[in-house]
Structure formats: structure tokens, C-alpha cells
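Colleague: Numbering-wise, the sequence shown is residues 30 to 224 according to our numbering.
Hints are supplied without guarantee of correctness; some may be wrong.
No more than 20 Å apart at the CA atoms, straight line, and that leaves these computed lysine to any residue pairs for SDA-like [stated by the list, open to error]:
#  : residue 1 : residue 2
1  : K58       : Q75
2  : K195      : I158
3  : K58       : V72
4  : K195      : F169
5  : K195      : Q156
6  : K197      : F169
7  : K190      : G160
8  : K212      : F152
9  : K212      : I141
10 : K190      : L162
11 : K134      : L213
12 : K154      : F165
13 : K195      : I163
14 : K190      : I163
15 : K154      : K212
16 : K154      : I198
17 : K117      : L128
18 : K190      : T159
19 : K195      : V157
Hints were generated in silico from the structure; no laboratory data involved.
Keep in mind that this is a model prediction, so the values were computed, not measured.
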Amino acid sequence: PVISLNGNLGSSYSSLAQTFTPSTLSEIKTGNYVFIGGSKTDVLAQQQNFSSTKTGYTQQLNNNLGNFIGINMQVPLFRNFQTKNNLKLAGIDLKNAQLQSDNAKLVLQQNIEQAYLNMTTSFEKYQVITGQLIHFEESFRSAEIRFNNGVINTTEYLITKNNFDKVKINLAQARYEYSFRVKLLDYYKGSNYNL
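Using the sequences plus the hints, can you model the full thing?
Modeller: The structure is reproduced here in C-alpha cells:
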């Protein structure tokens, strides 16, 4: 159980506060009358008159002083329910963390499989371009011999040379792409890798 004691002490002040003090008495007609000796006489009543003065700061604080003292006691009757709820929430948090871990593993597995697929595709591309290079190199040598012997013109020679150069560039790109894909798989395996 928890027991607490609290209190409050306060006052208030207003610049419009006034103090009224009795000053004089005056007689006023009440609207009633009596007959005295056959003549009608008004009934008079005394009325107190007041004068007002501005109430001072310290007097207002004393006049408006208020206080409060209280005791508060809390007895945990249903604490067992709170403990059960906390245990259930902890169980839910644990399951949530396990699901997040499983999801992260699944995403990693998918990334590894995609990286492997990309690596095999880039290797196949590299092999195809290597085969093309052999054919374009042979075609270029043949065109070079024919050009030197005057069989083909400059345009045909340059087209053949440009095609051969383009295949060499494609081969370099395929080689770097394949090398990158291999290094990425090494990274996923946790192997040391050098660029």
C-alpha cells in the first residue's frame, strides 16, 4: 500500500476589492402609513449607509486565505491482474520479435538467392559474349585482309571494326559485372573479399 499526504495553502487578490464600513443612519419612507389622531402619518425606517474604501493587499491575502490537507491511500487489490497482463504483453512482444527475426532471415535468403541467380546469369552472358568475340575477331581479320587487298571499301571495313570494338567493350562490362556478382556472393557467405 501507498500512503501520501498532501496539502495546499492559497489566497487571492483583486484590484477591484473594496471594504464597506457603516457610516450614517438615514430614515426612509417605507410606503406604509398609520393614522395618528386622525391624520395620516408615513412609517419611516432606519437605513444604514456605508462608505467604501479600497481593500489593501495584505488585508485581502488574510481575508481570502484558504487551506487544504488531505491523506491519500492506495491499496493494490487487483495487482495480480496487472502482473498477468504484463506477462501476456511480454509474450506478445517476444512473438513479435521472433516474427521480425524470421522475416529478416527470409529477406536475407531471398537476397542471397537473387544474388546467386544474378551471378549465374552474368556468367552465362560473359560466356556468350566471349563466343561472339571469337567470331567478330575472325570477321575483323578477314575484313582487314580484304581491305588491305582492295576487295572492300573503307565503310565496310569501319563497320566491321566498330562491331568488333563494341563486342570487346561488352565483354569488359560482362567481366566486371560477373566479378561484382561473385564478390557480392562472397560477402553474403562472410568470406574475405578484395575489390
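Colleague: Take the hints in turn and mark each one as holding or not.
Modeller: Hints and how they fare:
1. K58 to Q75: Between K58 and Q75 the Cα gap is close to 9 Å, so the pair holds against 20 Å.
2. K195 to I158: 11 Å, holds
3. K58 to V72: 6 Å, holds
4. K195 to F169: 12 Å, holds
5. K195 to Q156: Holds - the C-alpha atoms of Q156 and K195 are around 16 Å apart, at most 20 Å.
6. K197 to F169: 12 Å, holds
7. K190 to G160: 17 Å, holds
8. K212 to F152: It holds: about 13 Å lies between the C-alpha atoms, which stays within 20 Å.
9. K212 to I141: 12 Å, holds
10. K190 to L162: Roughly 12 Å between the alpha carbons, so the hint for K190 and L162 holds.
11. K134 to L213: Judged against 20 Å, a Cα distance of about 17 Å means the pair holds.
12. K154 to F165: Distance ~16 Å between K154 and F165 Cα, so the pair holds.
13. K195 to I163: 13 Å, holds
14. K190 to I163: 13 Å, holds
15. K154 to K212: 17 Å, holds
16. K154 to I198: 13 Å, holds
17. K117 to L128: 17 Å, holds
18. K190 to T159: 17 Å, holds
19. K195 to V157: Distance of about 14 Å is within 20 Å: holds.
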